[in-house]
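Q: Here is how the chains run, residue by residue.
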Amino acid sequence: MGLSKEAFENQVMDLLGRLHGVARRLTGNEADAEDLVAETVTKAWRCLNTLASEDAFKAWIFRILNNTFISDLRRASARPRLESIESEDESEDEAMFSIFEQMHQPFLLWFSTPEQEFVDKLLREDLDKALGSLPDHYRVVVILSDLEEFSYSEIAETLAIPVGTVRSRLARARSALQKVLWAQAQEYGLKGSPKQGCHGSTTDAP
Amino acid sequence: MTEKEIDCEQALKQILEYVDHELEDGNQAAMEHHLHTCQSCFSRMEFERRLKDKVGALREEKVSSNVTNRIKGLLDSF
Numbered sequence: 552m553g554l555s556k557e558a559f560e561n562q563v564m565d566l567l568g569r570l571h572g573v574a575r576r577l578t579g580n581e582a583d584a585e586d587l588v589a590e591t592v593t594k595a596w597r598c599l600n601t602l603a604s605e606d607a608f609k610a611w612i613f614r615i616l617n618n619t620f621i622s623d624l625r626r627a628s629a630r631p632r633l634e635s636i637e638s639e640d641e642s643e644d645e646a647m648f649s650i651f652e653q654m655h656q657p658f659l660l661w662f663s664t665p666e667q668e669f670v671d672k673l674l675r676e677d678l679d680k681a682l683g684s685l686p687d688h689y690r691v692v693v694i695l696s697d698l699e700e701f702s703y704s705e706i707a708e709t710l711a712i713p714v715g716t717v718r719s720r721l722a723r724a725r726s727a728l729q730k731v732l733w734a735q736a737q738e739y740g741l742k743g744s745p746k747q748g749c750h751g752s753t754t755d756a757p
Numbered sequence: 019m020t021e022k023e024i025d026c027e028q029a030l031k032q033i034l035e036y037v038d039h040e041l042e043d044g045n046q047a048a049m050e051h052h053l054h055t056c057q058s059c060f061s062r063m064e065f066e067r068r069l070k071d072k073v074g075a076l077r078e079e080k081v082s083s084n085v086t087n088r089i090k091g092l093l094d095s096f
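Heads up: the sequence lines are chains A and B, in that order.
The first sequence begins at 552 in the numbering used here and counts up one residue at a time.
The second sequence begins at 19 in the numbering used here and counts up one residue at a time.
For the record, the hints were derived by calculation from the structure and aren't laboratory data.
Honestly, I wouldn't trust all of these hints.
Simulated crosslink set (DSBU-like; lysine-lysine; CA at most 35 Å straight-line) [claimed, not checked]:
no.: 1; chain 1: A; residue 1: Lys730; chain 2: B; residue 2: Lys80
no.: 2; chain 1: B; residue 1: Lys90; chain 2: A; residue 2: Lys556
no.: 3; chain 1: A; residue 1: Lys680; chain 2: B; residue 2: Lys22
no.: 4; chain 1: A; residue 1: Lys672; chain 2: A; residue 2: Lys730
no.: 5; chain 1: B; residue 1: Lys72; chain 2: A; residue 2: Lys594
The following label-pair restraints were derived from C-beta to C-beta distances [stated by the list, open to error]:
no.: 6; chain 1: B; residue 1: Glu23; chain 2: A; residue 2: Lys594; range: 45 to 53 Å
no.: 7; chain 1: B; residue 1: Glu78; chain 2: A; residue 2: Thr601; range: 24 to 32 Å
no.: 8; chain 1: B; residue 1: Asp43; chain 2: A; residue 2: Asp623; range: 33 to 41 Å
Since the structure is predicted, the reported quantities are computational estimates derived from the model, not experimental observations.
Built from N, CA and C at the ideal position, the CB exists for glycine as well.
Please model the entire structure based on the sequences and the hints provided.
A: If you want it as structure tokens, here you go:
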């Protein structure tokens, strides 16, 4: 693919916010995110001949970013952590948690749609904190699915795990994320809504 | 052709795959039919979709001038 240096630079700079945003969530800290983006851009430039077309640039460079992160993690991690990324842990058969089910209590029905308002009122920093608190193998599938909009088969290919594992891991990861968000909401002191003053609620939800 | 029908239990099992656009055509149609007729499952689907969108919005981030300068410097070095 004969992409000019100028076109490469423009593509990278146009995508920098998104590359950095994803890198920040993958690595969990600013310094590693910067290094990951820099390493990704360097690798992308060196293997520019593997880019099929300019239209494929975004998917191509994000694939390099993911693969670089996962390779770095494999290199840096102790083996148990590596296994947690690549294989399903059978011991994680925990009960699924749903904020929707928590908020759909009969005595909360006087709210119109409390669970939708819960989501609408969530702050970016709350979500960021909750996502960052998840273990690597959960955080990575949520990032690949929700931030990078990868299909299950693309996630499976990236992580070298079966599609069925992607499906079950995503369900568990989202359950874990909701559990953290719910705990945060309770820390704020409201049980039917995440922020003081959202509904003016002082309900005694469980 | 008669559309496949699913109940709430089956719908809930597939709701994340629906939100992720991962259901096959037949299951997708059955899910859409169910969602048109069941307010509770529709609300659950809407909740999951909104949460997914909200998490997805973390992808965009304002980049600091330090990061921009570092990457610009890197590009100049190629």
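Q: Are the hints correct? Go through all of them and say.
A: Here is how each hint holds up against the structure:
| no. | hint | result |
| --- | --- | --- |
| 1 | A:Lys730 <-> B:Lys80 | 28 Å, holds |
| 2 | B:Lys90 <-> A:Lys556 | 12 Å, holds |
| 3 | A:Lys680 <-> B:Lys22 | 41 Å, violated |
| 4 | A:Lys672 <-> A:Lys730 | 17 Å, holds |
| 5 | B:Lys72 <-> A:Lys594 | 31 Å, holds |
| 6 | B:Glu23 <-> A:Lys594: 45 to 53 Å | 50 Å, holds |
| 7 | B:Glu78 <-> A:Thr601: 24 to 32 Å | 26 Å, holds |
| 8 | B:Asp43 <-> A:Asp623: 33 to 41 Å | 39 Å, holds |
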